[in-house]
Structure formats: C-alpha cells, structure tokens
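Spelled out, the chains give:
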Amino acid sequence: MKVFRSHLLICGGTGCQASGQPAVKKALLEELDKRGLAEEIKVVETGCNGFCALGPIMVIYPEGVIYVSLKPEDMPELIEEHLIKGRTVERLLYHEPTTDEIIPTMQDIPFFAHQELRVLKNRGLIDPEKIEEYIARDGYAGMAKALTEMKPEQIVQEILDSGLRGRGGAGFPTGLKWKFAAQSKSDVKYVLCNADEGDPGAFMDRSVLEADPHAVLEGMVIAAKAIGSKQGYIYCRAEYPLAIHRLNVAIDQAHKAGLLGKDILGTGFDFDLEIYQGAGAFVCGEETALMTSIEGKRGMPRPRPPFPAVAGLWQKPSILNNVETLANVGQIMLRGAKWYSSIGTEKSKGTKVFALTGDVNNVGLVEVPMGTKLGTIVYDIGGGIPKGKKFKAAQLGGPSGGCIPVQHLNAPVDYEKVVELGAIMGSGGLIVMNEDKCAVDMARFFMDFCQDESCGKCTPCREGTKRMLDILTNITHGKGKEGDIELLEEMAEVIKNAALCGLGQTAPNPVLSTIRYFRKEYEDHIRNHRCAAAVCSSLFKSPCQHTCPIEMDIPSYIALIRAERFEDAYKVLLQTNPFPSVCGRVCDHKCQSKCRRGNMDESIAIKFLKRFITDNAPRPKIEAVPVTRKEKIAVVGAGPAGLTAARDLALRGYKVTVFEELNKAGGMLVWGIPAYRLPRNILEGEIDDIRALGVEIKLNTRVGKDITFAKLEKDFDFVYLATGAHKSQKMGVTGEDLKNVFGGVEFLRDFNNNEDKWLKGQKTLGKKVVVIGGGNSAIDAARVALRLGNEVTILYRRLRQDMPAAEEEIKAAEEEGIKIDYLVAPLKIDGAKGKVASITCQRMKLGDFDNSGRKKPVAVEGSEFTLKVDAIIAAIGQVPDMSFIDKKTGVEINKWDCYNVGKGFKTRTDNPRYFAGGDAVTGPDTVIAAIGAGHQAADDIDASIRQANGERAYERPESEKIDIPLIIDEETEELPQMAMPEMHHDTRKKSFAEVELGFKREDAIKEACRCLRCDASV
Amino acid sequence: MAKLTINDLKKIKEKVHKEMSLRDGERRVKVTVHMGTCGIASGAKEVMDTLLQEIEAAGANDVVVTTSGCMGLCSREPLVTVEVLNKEPIKYEYMNSNKMRQVFKRHILDGEIQTPFVLARGSEVIK
Amino acid sequence: MKAEDNELLKEFTSGQIDKLNKIISKHKGKPGSLIPVLEEAQVCLEYLPLSVQKKIAKDLNLPLSRVYGVVTFYSFFTMTPRGKHTVRVCLGTACYVRGGKALSETLQKEFGIREGETTPDRMFTLETIRCLGACGLGPVVVVDEDVHGRVKPSKVKEILAQYS
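Protein chains in written order, with the numbering used here: chain A, 1 to 1018; chain B, 1 to 127; chain C, 1 to 164.
Extracted from the complex, chain A is given alone in its bound form (with noise of 0.2 Å):
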C-alpha cells in the first residue's frame, strides 16, 4: 500500500464547483506533478463541508489546516510554502468568525428604526400570491366591517376624518374626491386606481402591488362601496410584470373567496375589476389622461370641468386613486380615522412611503409619519452619502417636483412645506444628490423628460417645453447668454399657468427650484463656462482639470509619466503652478474628487503622481527675466499667493518686491505647515526658482513699520496685498489668557521659528497637551506636540466624519497615537501658579443640521469633566490680522477681517492701486486656492496697467509645444489606487523627517496607466 505524506482534501460540492474549484484542481495537480509529489501528496475531492460561500476549499491533513478562496495562481505559492517549506499561508487560511460577534435586532439598524409602518405593514411577512396570509394579518377585515356595519356615507365621513390626502402628488383629500363621486347620480359609476407610476425614481406603488397586492383590491372594494360602484380598473405600466402577475394572482384568489364579484363575503354587494395595461406614456398618470386612455384613445388629458366625480371614464362618474392611498383605506375602516390622524403633522396626516434613491448609502422603500424630517431620512434612515461626499439636496416629487437643498435638512417633509420649498410630494419618489450633481443638468435631464412626455394638446407645454429645454442644453453647452435665467423664469411662468393638465403646469418646477437655490451655479455656466460639480462635459477637456482651481493640465503630466517623459511632464507642472513640489504634498487635491476613475473604483493618484514627478526630474533651469516695463509692484507677505503673483508679474516684464514680515519665506507653507510634512528644502527650491526670475524679496520688513504706506505708495504703483490669516480664533472662554494656551497657528509659528530651543528642550509644553479643533491647523498642532514627547489628545466637538481635515491627516494622527475624543466642547480654562493646570470639558450630542449638512453638536446637561493639562493648542480657525493696515490707504475692512475687493472686482479693493487676495481676501483655505487667487491678481494688476495705458491686452507668449501622447487601454480592469509608502508610525513619531516616501518608478508609471484619459476625444 502506498503511503503519502500528505492528504489535500478538496472540495467538490456544487458551491465550491461554481466558484471555479475544477481549475484550481487543475491547476494543483499540475503543479505537484512539477514538482514531482504526486507520489507524496494524495488529491482527494470530498463532498460538501458547508463552507460554500468561502469556496473553493481545501484542507490538508494530517495538519487539518484548512484554505479557502483559492484561486489557480495561488497554487504554487501553497506548495512551496505549506508542503515543501511547512509553513502555513496566512492569506488563505480559514478565520474563525467571532462567535460573540452581537447580531443587531431589526430596531438596531437606524433605516428600520425610524421607520413607522402602515401601507407596508405586511412588507417581507406575507406571501403575496396566498390570500391566506394577508387575511391572518387582519386583511379584508377592514371591508368586511365596511360592508357590514357602515353606510357609505359613514364611509365616506370616516375617509374625511382621517385626513387621507391623495398619495399621488397633489394631495387632494380623499374623502372628498369620493364624497363628490358619492353624491353625483348615476346607475353606472368606477373606481380606478392609478399604478401608472412613472416618476423616475419612484417605485412605491410598484412595490406595495408585488408585495401586498390585496391591500390594494380591500381598498377598491371599500371606495366602491363609498360611492356606490361596481365596476374597477387597475391602471398598471406595462414595465411592472411582476406586479401585474401579483395581482392577477390576487384578483383570482379574492373571486375564488368571495371577496370580489357578485355578493362579496354573503352581504350583496357586488364589485368587480379588471387590470388595464398601460403602453408608455407618462400623461397617462394624469386622472383625465388615465381615463382617455382606458377608452382605448391616445392618452391625452381633456380640460375640466367636468371633474372626473361628475363625467369620467365613458362620461360616468369615477374617482381614480392611487396606490399608495387605497392601500391606507382598509386600516383606516378596521382601526378609526382617529387612529389615522394620530400621527402626521396639522394638515397631512399619517405616513408617507418613500422611495429613497440616488446617492444615499440605503437605497430602499422608507415610510415614515409625515413631518419627519428631510435629514432624518437622508442622514438616519439613509445612512448618509456614501463615499464621505456631501449631500446637495434631494429631489422630491420626479419631474414635477423640485429640489431641497442643504439649509433646509431640518424641515419636516409635509404636504405644505414640501411646496413652500419648491417641490412638490409627488408620489414619493425621493432622490439624493450629491455634490457631484450639477443643478442644471438635472433641470435639463427632467426638462428633457418633461418635453419628451408632452402629450402635445395643448400649446403651452408642446412648444413650451422644448424651448426651455433648448435653452437649458444651451447652457451646458457653454452657450448660455445673460438673460437666459430671467427668460426661462418667464417662460415658466406662462406654462404653470396655461397649460391643460398637471404635466405642463409642473413640468417647470425642477427649473424654478434649481434657480432658486443654484443660479449660482446657472451663472457660472453662462458666464465662466464653469461647471463646479463637472457634469457638463462640453466645458471642459477632463473633470480634474476643470476641478483644479488653476486648472492644472492633469491628463497631460500623468500621459507624460506613463511614457517616462518626467522632464516634459516638469514643464507641464510649471506652466501652471510654481509650487508643484509642494502642491505634490500639501494640496487637498480637489480633482481627486471628480476624478472619473473613482467612479469605477478609486480616483487616480494625482497628488502623489505630481510629486513623483517633482522628486525625479530635474528641475527646468530658471533664468531672469529683463525687466522691460515701468511700472514698479510690491507684494505685501510672502506666502503662495504673494509669490505666485510676483512669478507671473515677473513673468512680463515687471519689476516686482515683496515684503515679508518674518524671518522666511513662504508663508503659511514654512510656518503653518510642519516639515514633516513638507520639507523645508523643498519649499525653498521653489522660492529660490521664484527668486532667480528677478523677483526681490525683502525679510524682516514689516509694512506700516519698516516701511511705511507712504513710502510704498511712492516707490511702487501698485500694492498687492497678500497677508494670510495668521492669527488663531479665540475658543472664548475662560483662563485662554493663561501661560501655556497657544493658538494653533501661534504654536506652529513659534516651533517654526525656534525649532532648536524646542528640540533642546529649552522651550516645553509640559507632557500632558490637549489640543482642540478638527482642522488641518489642530492635527499639524497635534503630531508637532507628539513628535515633541509629548501625550497629545484632540477634542473635536464633531465626529470623525464632519471633520475639516484631509483624512489621510487624521488616519495618520491616529496611527501615531494621537487620540481623538469626540464630541467635546471646552468650557473653561483653569490655572494655577499662573500657568495653565486643567481643561474643564462638556460632552456633546448631536441635535438639528446647520447649513453645512452636518448635525449641530449640542451640550449634554450636567456631563461636565475635567482633564488634567499641561498645555492647550486651541486650533478652531484662523482670521486675518490687519493691525497693519493704515486707514489713509483707503483699504476697507470687511466684517470678518478681510480686505473688501470692490463691487464687480476679483482682486481689486476700494483704492484703484491696492489688490488683495488669498486667505486674506477669502479666509482661511487651500495652498492650491492661494496660488489661484495670485495668478488672478497678476492678470487683473496686468490688465489695468495696460488699460490705463491704452495697451492691448497681455498675451501668454507661446508656451514650448509639448506633444502628449495619447494612448488608451481598450480593457480596463478594476484596480485599486497606488498606495503611498510611508515610514512606519513608530519611527515617524520621533522625528520631523518626512512621513510619506514617494512612488518608486514603476509604481507611478503603473498608477499613471490607470488613468482613464477623459480629456480624450475620438
């Protein structure tokens, strides 16, 4: 008998079969025979083990260690590994899972939680297709005590104290509509509901038919009763096969049992119904329209009067329903109009179902008392915007409908409110928007809705319609013109008020609303050909570029890597941006964020290929420029946006000075930014660059001090002044004077500047160190206090998502052993021996959302601590400091401490000869922002000179043509972002040396082939 040494055991059940076992066996077998152990090693295939899900398994005995997830490449490595070198492959092996992990009850979860239900009382309880079910959860009781004990008018009056509104959009009451029915004579009368739900993005209706199909029958059946019918239709689409099976299932079972047909449950009421297809047309939701329809006519509304109670279908009287109503009926009979009522908001009672789509982490049906609010539903039930973006507002009640943007996420969704806000309810459709939507594309997509459904009866709409969508296509074609915004408002007007029927007069509510909220944004489109969340793709070449706020040429340096050109993808960096070593580091890297490859699995790396671009070719020679022009410019503080505009200045001729109060250069980039982060090195190649054009850069110089305003206006023609926000927000409370409380900014100067003492340990902030804030400022404050020796901890009064920081900065901080306690708020500050002592702290909870989307932290009574302290960075905002400012300049100041640019300026304050821009201008924001605001102030600073001087316009000199090569992959497969190589946390955290270490070569070129190239036009 042979004797093997090892047994593989590999599974053959069906799970492990479909999960491609068959070749990993292949692929086993191929291998030990290889590597000749097929002699030594038996393969044996085993039944089913019950893993399947983890599936293709094998277990080896005699160890009985057991792999999971294989795959064919990963047989030799497990050979060579586990049978030839005996060590087990970690990545393969099969985990335990936790035994005690805490499976949540359904109220555990937040979606089901706030969740109040009645029309889906039955959802994923009952079998639809078995009549039984539903009757076990009290179905058709509602009917029968209708039909036995009530009167129709009983019925009609218990319908009109419920409060029941229309679920359909307008909300009419319901009890109403049957009352006129009720009361109009005829021998023939019919009760329709409306399943022709063809809002985009709702699917209410079509879940409650496929779900609980009978609640819906119970509820015709008790309306035909009320108005004295005997006859119903079902108006479904023909795209909801499912649910018109269900009902045929439905309907066949209630006529089997006696629920529907001649004398329904012994009482000798007869009703019987029918389900009428309907063929595509989204008039057809429209009551007047529906009933044309059914006639066997084109699907057009007719004028009313005569309202539908007096002359509907086949000119009887009818009342049409929808869906969503008739399914609140039968509770409604069964439990009393009190009952109903007890809940909803003064005058829309009850629940209202939702379909909650669009870019929202639970997509899903949601029903909810009316009046909760917007935010509940988005941010507790819906889990918020996946992908940390931010919510922009939700658009409720589809084409018909409008938006509700960020400020009113507190309001409460009902019937009143939704249309003092814009939209209307509709029949639920509830469609998140992120910040990656732009508001006039979305007007245009439901305009081009709108105008496609037209019927086209009636003038208003037909034409109408299509001229708005012209001039909506027009603007995000870049070819808006001034006054397009009022024109669509009047046009808007004239349908809303003379159109036949409710598709022409709501179909411009998505305009109106988006106007309302975004013409901001309807502005930029017309006048800067911009399109902030970068949808409209004829403005722009590719989404990262349009997002970068200089507009770097991104696609063209990431194709220059991709065909190792690093030194032309240099000169492309430069032609933009004088800071890219730094923008390489520090920037926020906003194209990330509508990169299009994110939208398939992760953005490109940008930031990090910029860098690497930086760090591996040389730097382009500088060389000066002649100063060929008269006109003399000071630039008052050295920061990014002094010095990006006294480039460009340079640039064309002008003989630029900059004045720095401090001992650098560089601004917030040397003193706000650790070097850790930034090494100084760095920094300074690119201000010695900005230097060799010719520009002079005057230290130690305060202006206003060492040289006054007097002096500058004499010696200079234009001033421009880029001072920064230098000076920490003060938290306002108590003991912030003490010894040891810095300001973020303040401590990161101070260390900056005197970096030696700190070091030596001649300067301290004790051991224990708080500081407060979630900003960028607050963690830079943080690892500088670690790395120092000191035991930092960040109190946020947020959580961790609302945090104003980069995420990789606040990631790091935590790998580093910083700890972060949310939701704390300081109170006060005590002291002792004159030196701060401890930090006295109050606990927050989270109550209504302020206008930035996110919930308002709020103080819990009585949950007062105490944190022993040695120092306290309090880093929760920077403002300017513009003690400087001498008021004779004329320069105003603005509420927030900022310079005023004048009324239709950019760049321009109230005296002609001052510019001002960056942080000062703006308040605190990015390095990217600050270059941006300097280049813009260059041009302006430009443009006057030559105007007053009578000169043309400046004119970019030809910049060297750089060919970029275009190649595209033809597959493209999902791969994740090249990871940055970082030093390890525990040797970073004792030094000031830089954290993230650079792409290596192949690694920037792979990442650089992910990019998917959306400047391209074939």
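Just so you know, not all the hints are guaranteed correct.
[Stated by the list, open to error] Calculated lysine to aspartate or glutamate pairs in the EDC-like style (CA-CA distance at most 20 Å, straight line): (1) C:K58 <-> A:E295; (2) B:K11 <-> A:E132; (3) A:K571 <-> A:E684.
It should be emphasised that the hints constitute simulated quantities derived from the structure, not laboratory data.
Quick caveat: nothing in here was measured; it's all calculated off a predicted structure.
Since the structure of chain A is provided, determine the placement of chains B and C on it from the hints.
Just chains B and C, lined up with the frame of chain A:
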C-alpha cells in the same frame, strides 16, 4: 376555495396563526426569499433555485420555502429570512447561491447562524 | 386566407396572422379594446407596421388614423422591426445620477448604433427607458426580461456575452 363569510375570515386568521407556531416535525424551518422586482434583479431567483436544489438534495422536508415582497432595503438585496421554529427570525443580506448553500448547510441544518452574512434578527415592529 | 392578408404575408408567417386574427376576435366589441389588441399584437408580431394597423383598424371598425395615432403615442409600440434582444438602459433619475448616461454611451459605442436603433445583424435593439422602479440597483440595464443591476461600463461586454 369556497366563498367566504365574515366568520371565515376570522377562522382563516386563527388557522394561519396556529400553523405558524405549530410545534410539529413538519415545519421546523421557514425560509422566506424576498422577491420583489428589485430582489429578483439582484439575483433572488438564483438564490431561490439554489435553496430548492439543496433542500431536495438533502431531503430536508421539514423546511418550508416561501416568497415575499421587498423588505424595503433594496440596496442590501437579495435578502433571505430564516426562521427556525421558536427562534427569532434571522435576515441575511447580499445573498448569492454559495452563501445560500452555506446558510442552508450550516444554519438551517446545523443551527449555526452565519453571522458574517446577517443583516439583523427579529422583525420590524408595527406600532 | 383572405386576400387582404397578402400584404401581411410579405412580412409575417401565416401562423402569426392566425394568431393576430384570434387576438382581434377575442377583444372585438369590448369598449376600449384597441390598446389591448395592439399590445398583444406587438408581443406576437414584434412590431406593428402600417399593414398590421390597417388590418386592426378594419377588423375593429375604427378609422386608421385612430390606430396610427395610438401606435405613435405610446412608447410601448414600435413600427420598425426589432433585434432579437432588446437592451434597455434605464435613464430614470436614480439610474441617471448613478451613471446611466455613461452606460448608454458605452453601449452605443459597443453596438455602433444610436439609441432606438437595431444592430445590422438584428441581434440587439438599443433603447433607453424611463425608470423601471428598480432604482435601488441603479444603474440598471434590462436585456429582454432580465434586469441587470449595479452595472458598470466595464461589465457591459460580459453581460451581452450571455445573449447571442
């Protein structure tokens, strides 16, 4: 089905309730596959087919399979509810054929809840 | 077979025409029967050219203009032949915001046709659709009766390969 009277409605209700909680060997486990259009589109039908095959292969005639409509949380579909007699229902999310096989073998047959696939336990509360 | 069916025989088999006759006689005389007749006829004949409309008009005793009006009004009906498979990209709002547009563009490139057209080999007809109510799974592509959810442009080829 014969034509019903009002009394019959009550009887049916009682009968179904009784069946649900009946303590006999015939219905030890009830499995509900949530099959709205959304569920089917994300693969509920394959999950259902797999389950039926597995039941047949194992000869597990004490397992009752039923379908139901959408449970509301469309983005986690396919969803499957497993209700072992006298135990809380367990709802599984993002099911596929292999997960269904595993749940069938380990949970339905062996009683081990497959926590990694679980959405929640219990049912929604009707207020 | 009646003489007037000759025109129909150019495009349809006699078996199909028999079915059409049955459909017409099933609904004839009922109020509002035109749309159900057209719906069933389209399922059986795949499309409704003028010849079919003429026959239906005559048999239901309706003016041709009425039939033509209805056929052109509702998006369900088509007057041109269709591919073996119908590929519909949902461009309802929920799918649109989740990338339906890119999906439609990929398909147009893949087939070399525009929306509403049929591939030269009559395998696929490409359409867009206005919301299927499967918004939870957007973006959605429907091939015949099969709904494919959470489709990414890169997965389109894989899906189409299942149909031939």
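Results for each hint:
As the CA atoms of K58 (chain C) and E295 (chain A) are separated by approximately 18 Å, the hinted pair is consistent with the 20 Å bound. Simply put, K11 (chain B) and E132 (chain A) have alpha-carbon atoms about 10 Å apart, close enough for the 20 Å limit, and the pair holds. For the suggested pair K571 (chain A) and E684 (chain A), the alpha carbons sit about 19 Å apart, so the restraint of at most 20 Å is met.
In this structure, every one of the numbered hints holds.
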